[in-house]
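Turn these sequences into a full structure, and let the hints steer you where they fit.
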Amino acid sequence: MRNVAATLVALAVITASSTRGGSADPQDFAAVARGRYLVDAADCKSCHTVPGSNRPFAGGRSIETPFGTLVAPNITPDRGTGIGAWTDDEFDDAVRQGRTRNGSYLYPAMPFPYYARMSRGDVDAIRAYLNTVTAVHNNVRGSQLPFPLNIRSEMMVWDRLYFKPGEFQAHTDKSEQWNRGAYLVQGPGHCGACHTPKTVLGGDESSKPFRGYALQGWFAPDITSGQGALADWSADDIATYLKTGHNRHAAAAGLMGEVVDLSTSKMNDADLKAIAVYLKDVSGSARSNAAAADHDILAAGGAIYQDLCSACHAADGKGVPNMFPDLSETATVSATDPTTVLRVVLQGAQSVATDQEPTGPAMPAFGWQLNDGQVAAVASYIRDRFGKKASAVTEQQVQKMRAQLATSHY
Amino acid sequence: MARKLPAKDVVIIGLGWTGSILAHELADAGLEVVAIERGPWRNTATDYPPGYVADELRYRIRHELFLRPEQTTFTFRNKMDQTALPIRSWGAFMPPNGVGGGGVHWNAETWRFLPSDFVLRTHLTQRYGAGFLPQDMTIQDWGVTYDELEPHYDRFEYLCGTSGQAGNLKGQIIDGGNPFEGPRSRPYPTPPQGQPFSHTLFGKAAHELGYKPFPQPSGNLSRAYKNPLGMRLGPCTYCGFCEWFGCGNYSKASPQTTILPALLRKPNFSARDNSEVKSINVDGSGKRATGVTFVDTDGNEWEQPADLVILSAFTIFNVQLLLLSKIGKPYDPVSNTGVVGRNFTHQTISDVTSFFDPAKFIFNPFIASGAIGMCIDEFNGDNFDHGPHGFVGGGYVGQVQTNGRPIETAPVPPGTPRWGVEWKKAVKENYQSALKPGTGVHGSMYSYRDVYVDLDPTYKDRFGRPLARITMDFHDNEIKQNAFLTDKFAEIFKAMGAKQVVREYRKPPYDVTKYQTTHLCGGAIMGTDPSTSALNRYLQNWDVANLFVMGASAFPQNAGYNPTGTVAALAFWAAEAIRTKYLKNPGQLINA
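Chains as they are written, first to last, in the numbering used here: chain X, 1276 to 1685; chain A, -16 to 575.
It should be emphasised that the hints constitute simulated quantities derived from the structure, not laboratory data. Errors might be hidden in some of the hints.
[Stated by the list, open to error] Computed cross-link-like contacts, DSSO-like style, restricted to lysine-lysine with a CA-CA straight-line distance of at most 30 Å: (1) Lys343(A) <-> Lys482(A); (2) Lys1483(X) <-> Lys1548(X); (3) Lys270(A) <-> Lys309(A); (4) Lys1548(X) <-> Lys209(A); (5) Lys1548(X) <-> Lys249(A); (6) Lys1593(X) <-> Lys209(A); (7) Lys209(A) <-> Lys1541(X).
[Claimed, not checked] Covered by chain X, per the in silico footprint, the following chain A stretches (three or more residues, Cβ under 8 Å): (8) 22 to 33; (9) 214 to 227; (10) 230 to 236; (11) 242 to 253.
Glycine included, each C-beta is placed from N, C-alpha and C at the ideal position.
See the structure below:
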């Protein structure tokens, strides 16, 4: 028996070493540098760092989901509270399979359904980089979901419904650039996590990729071309927006501002152009020509627009390139869901500042000045006049948005 | 007891235009820079958004963006034998407060001084003889020339995106610009602003009288602009809420719109707002500053050590801080010795109000910007022969009306009752057809032996430090100059077809309750002689080599223009000297 035990131990050791347990070569600088780039591209910092804190990747940031609040874990190499003791396989399981070290299921606030498209080599590079960041002892209490959602094994069912494992497979009929873009968008970039509509259970509506979805009090707009919202944006427009946060049409603020700040502004021009080329090839459906609001409401909205909005956005809604958005080309204005328009009018918005565009102009709040009816009127006017006949906004929608902003933590 | 903070390479006192420029230039050179600002942080969308910035009562009448006299003030008197009293409500000038300083609420008139302005005493003495100048006039050469400053004027204009028409491009006179200006190396970065009806009419009348009118150079931009730091400005909307107000739509050049967001991205720059510097600390030798001591809003005292100190507060606070820190010899007007406080000046402003036929003229005065206007420069500096007139100096004159705001804009003809039905009727009748440029005659004020700043013997601030005391009055030279300019100005309005032109000459005594401009100058002047100037030609203190003093406090006398362009050019000039000369060999750059 002792021999058997010894053999088993030996086998276990062999197995462990063959799975590269915690063994990413700390001197493989090329992998570390590539990993750092991919960590930016995958925007890991956004969730795993408390905004403004000087403890990157130490976790603790609350992630609001439609189902409750999750808290992002510590992914520094701290052995006790971080992931320092994890093997590379365990890390890969978490990133691409949504399974924790002890086999339990991760909630898809961790975008593993997208990260699953990444190559193992890229995941290992990310691990190699994370091994080099400062280890922080920070014990994060993960889930604050209400019963019964706090039972992680339920995620087994969710995974079966919505999780399709498997690395990205190149489309041989498309260019290398297109494939690189598709890989970045579908994999590390996890653009669909915000921009693809979700089912009631929070899974992707895979038949409507990138057609827009509301989350955390913002509407991540339709980013399709063809007849979609970005039909008039060139690939360069998209790449410029991702690099600088601004282009001749629009400005990034809110969640997308954070994505630009932490992620896309740090990506190289070739990758951004590849993303743009891929997105230009994703077609969306045409806008529905919604019925206009009541004539009087549009007249009132027009007057408010002239009074409060036209100084920056100009009488014709065209704004100033790279500074004040062109309301006719901003996808959030024409979106079916007016969440972002209402939020920005009520609360204002700080556009992102980047090295290329350091100004970061801000839209002031008007919620203190305009009542719900006035906000509805000006939003309806903007959507009708500049938003290519997007649907009118009701006073009740404004009231609801105002209440949501007053009670939420975002 | 002040708690000591970690040392920095540079500490900057005051984060207005010059503090921002120096902070950027020195952070760009790789130095660790901290700026300490007495007032609050200010941002466009949160502090003066379009939704409420057009509030004349709040900003113009109640002085929202300015220093509160209860925080600190100055005492004032006209003559040396009078007792000065504290100013308790701002009048003749408006001391700024907060990040961006006066750059937040200026009109953005962005002028260059004339080449002769920088060599004033030499120039006037050569042309008219030494006896032509009043005996007690203490004007001096600056120690720097227009040609030396030209690249730095250029940098500031391209930082701001200044809208204007060049009049002298590398010596070639250009039609439509100011033919009297010094040669500029390239055109303005953006074309001039559009001019409303009355301003256009003024230009036409001036042209017909034989003058060469030109659009006032403006930091309210005619079109969108991206500056060399990547900062963007939008086009001006001609809303008529510039001076006294922040610009709600990013179209007025200010530290906020041209520098600060780019500066804040630099990891080697930091700033502390709501912190007031109490003193510049000097070591035992008296030749070296060790840093500053400041107080935060909790009353805690902090010492900020630094290798280099940049004093970039408002004119009079620069002078006060030098006096309180015992740096440089205080000026004594009786013995005519000492340097700190001497050659203090302001401006000589006057106006004419013109009444036109309401049936024929509708001016829509509310269509305006702070630096809009058509001007002539025939009577500025030494652009004309002063020989027959018996005075020196001058100024630009122009239809530079910046607004038609309702509280301030109610010009009525002389003889109208001051209230009641008749007054209301006259206001209504004249609002659209009367013109009141405001600062239409923008005259120089030259320096005199008995106009200066020192420390008040009686009144103290909340820290128990003496307040700065201003002793200032108008001298005959300026009064003559103003009468001459006001008459010339009035003739142009007559030629425009005004049925009545009312001249409002500037008269002595200097009245600290009547607004002129905020262009206080001098008190810590630059020059070539340490016995008559506090700073050398690089704005470096003659006594303390690691102290540079920015701002209009360096002007030996004030010219007939708005000062900001020259203030900023000097800041870039000093920054270049620090970067290319001082940092290589820290010490006095000029051995006098």
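Apply the coverage criterion to the segment 22 to 33 of chain A and chain X: a residue qualifies when its Cβ sits closer than 8 Å to a Cβ of the chain, and three qualifying residues are needed. Result for this restraint: holds, n = 6.
Check the hint pairing Lys343(A) with Lys482(A) against an upper bound of 30 Å on the C-alpha distance. The given pair, whose Cα atoms are some 11 Å apart, holds under the 30 Å limit.
Checking one constraint from the list: CA of Lys1483(X) to CA of Lys1548(X), max 30 Å. Satisfied? holds (23 Å)
Is Lys1593(X) close enough to Lys209(A), meaning Cα to Cα at most 30 Å? holds (18 Å)
Take the segment 230 to 236 of chain A, compare each residue's beta carbon with every beta carbon of chain X, and decide whether three or more fall closer than 8 Å. holds (count 3)
Checking one constraint from the list: CA of Lys1548(X) to CA of Lys249(A), max 30 Å. Satisfied? holds (28 Å)
Assertion that chain X covers the segment 242 to 253 of chain A - criterion: three or more residues, beta-carbon distance below 8 Å: holds (count 3)
Decide if the proposed pair is consistent with the structure: Lys270(A) and Lys309(A), CA atoms, cutoff 30 Å inclusive. holds (11 Å)
Taking beta carbons only, do three or more residues of the segment 214 to 227 of chain A come closer than 8 Å to chain X? This one holds; 6 residues, not fewer than the three required, reach chain X with a Cβ under 8 Å.
Next pair to validate is Lys209(A) with Lys1541(X); report whether the Cα-Cα distance is within 30 Å. holds (22 Å)
Tell me if the straight-line CA distance from Lys1548(X) to Lys209(A) falls inside 30 Å. At roughly 24 Å apart (the allowed maximum being 30 Å), Lys209(A) and Lys1548(X) satisfy the hint.
Going down the numbered hints, you'll see the structure goes against none, and every one checks out.
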